[in-house]
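In the order they appear, the protein sequences are chains U and D. Going left to right, the first sequence walks through residues 1 to 331 as the numbering used here numbers them. Going left to right, the second sequence walks through residues 1 to 290 as the numbering used here numbers them.
Don't read these hints as lab results, they were simulated from the structure. Hints should not be assumed to be uniformly reliable.
Label-pair restraints from in silico Cβ distances [as the list claims (entries may be wrong)]: (1) D:K177 / U:L42: 39 to 49 Å; (2) D:A178 / U:L238: 35 to 45 Å; (3) D:A36 / U:L311: 33 to 43 Å; (4) D:L76 / U:H95: 26 to 36 Å; (5) U:Q175 / D:I271: 29 to 39 Å; (6) U:V106 / D:A26: 47 to 57 Å; (7) U:G63 / D:N58: 52 to 62 Å; (8) D:G148 / U:V106: 40 to 50 Å.
Backbone N, C-alpha and C define an ideal beta-carbon position, used for all residues, glycine too.
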Amino acid sequence: MTDQRPPRDTVEAGDGAHAASPAAPRPRRRAADWRKRLEIILLAGPAIVVFVSFVIFPVVLAGYYGFFRWKGFGPATDFVGFENYLIILQDSAFHDVLRHNGFILVLSLVIQGPIAIVLALLLNQKIRGRSIIRVLIFVPYIISEVIVGIGWGLMLQTSGSVNGVLESIGLGAFQKDWLSDPSIAIWSLMVIISWKYIGFAVILFLAGLQSIPDELFEAAAIDGASYWQIQRTITLPLLGPTLRIWAFLSIIGSLQLFDLVFIIWGQYVASTAGTSTMATYMVANGRTSGNFGYGSAVAVVMFLISLVIALIYQRFVLSRDTAGALTEGKK
Amino acid sequence: MAVLEAPPRLHKKRPPSDRQEWGSPATYFIAFVFIALCLGPVVYIILGGFRDNSQITNSPAGFPDPWNFDNYAEVLASRTFWQQVGNSAIAGLATTIGVVVLGLMASFVLARYRFAGRGAMYSLFAAGLMFPMTVAITPLYILVRELGLMNSLAGVILPQIAFGLPVTIIILVPFLKAIPDEIEEAASIDGTSRLGFFFRMVVPLSLPGVVTTGILAFVASWNSYLLPLFILGDQATYTLPLGVQAFASQYSVDTAKVLAFTSLSMIPALIFFTLFERRIVGGLTGAVKG
């Protein structure tokens, strides 16, 4: 394949002289080369156009509008420089959402990771009905955030079924205002997040486990290693790439969290209940209040935070996985 | 939590060779508890739809007694529900087709052409994986409005195609790379062009990968909330997630009906998932392992 490059160089070198050149192969190679370029443009062009216009361009657009005080109509003229960014960085509500996002990010990893690993190890044994188990634990992941939010919202409200169950089993003293008490609400959110996304982690880890060759376990067993020695020295290291990709997806997801919070707590209650996130802050202070310049600036801040974290993670953690999907392009 | 700490104690005493045998009852017990926790809220939603409001008020966590089919019947008879199902189906199908067609063409280029900028192009799409729609939603809303696509499903479909491309391409590229070069050579000896090879060989051979990415795109579109929330202001264009939420706030007193509406709206995604579970799970793990 790479041998197609030199001919193209010759073609480019002889570009100006080609009219005078009577040699037959050159125009044909040139034609083949143009044909290849045309095919590339024809095949990849539409995807690139759609991707750039609706993914890359909006981010650039946000960078532009972030410098304006703009209500979203007509051209943006009220240039305010970095004022929006200063307001964001000084807004105590934004400090709150940063804290919440950080809390959710760390706790998602700490809660879901270990539990999912243990469950995956458990389900990786040859037990009956493993495929139906796999389907069932994936159900919460496949249901939309809206349904999860409405269902859990109803269950956790003060007159909801969680308090009802506590009452009926004699634990009425443990009844709580799960959603609006600021000291509890974010833990309720963590329960819902764990419930929704842990199945995904388990499925990923199971697939990772199944790609580890059985011979390794057999050899270790012959050498007299105990079950936990085997897990610690063989399974966990070999599961490393899967764990690192999962952690990456989880981190990005935590930074973007919106739907669940917005549906359960709405845009105003979320901040008093202590569950607001960067994304709900962006929507409440951007679109809902009509300050599109400010909302764009929040989007840029979110983008930069995600980008920096993603790059650091890729640089220091994912780079260890030479075959990682995300790092392939940079090899 | 105590339940989840059980497995260590369970395994410590068992020799490793036991892995090959049937699991112990404790394993089944823990799996059962976990599944019960996963399904509990779903069952609550579905059963709640069969109760009436006084039952729910008196005993928030009880079973239907007697079973009440009116809620489901009312939802199924309502025009709004079916209109939203229709909108969701149109958005889902159009997104799926768009993502699969554009994604397959771009993946083919990335997998089987050598050209300067190939790595950059792959990185461009892979970078998109890091930035879900949330970050871009405010400017995306402005852009869609400038294009005059507000309150139209096209305003939801186009961005969804764009944001679906990274996952699709990352799943499909290894798939297309795996098609042996010999097949392409044979096709070229038989006088088939690169494009002919694409349409006659690549498209059929990559069908399993295409199905995986198609399902992912469909389920993502079916469940998507944020973008429709911004773009679709007109009730007539609501997709199911918006409809469910609007219904829930409109009938906030009528909990049973809300639960019925909610459970009916999750059925299509659940059926879809059950049918194609293997492909979805296989596709996801394939993507993660590169």
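Review point. Taking each numbered hint in turn, which are not upheld by the structure, reported in ascending numerical order?
Key: 1, 2, 4, 6
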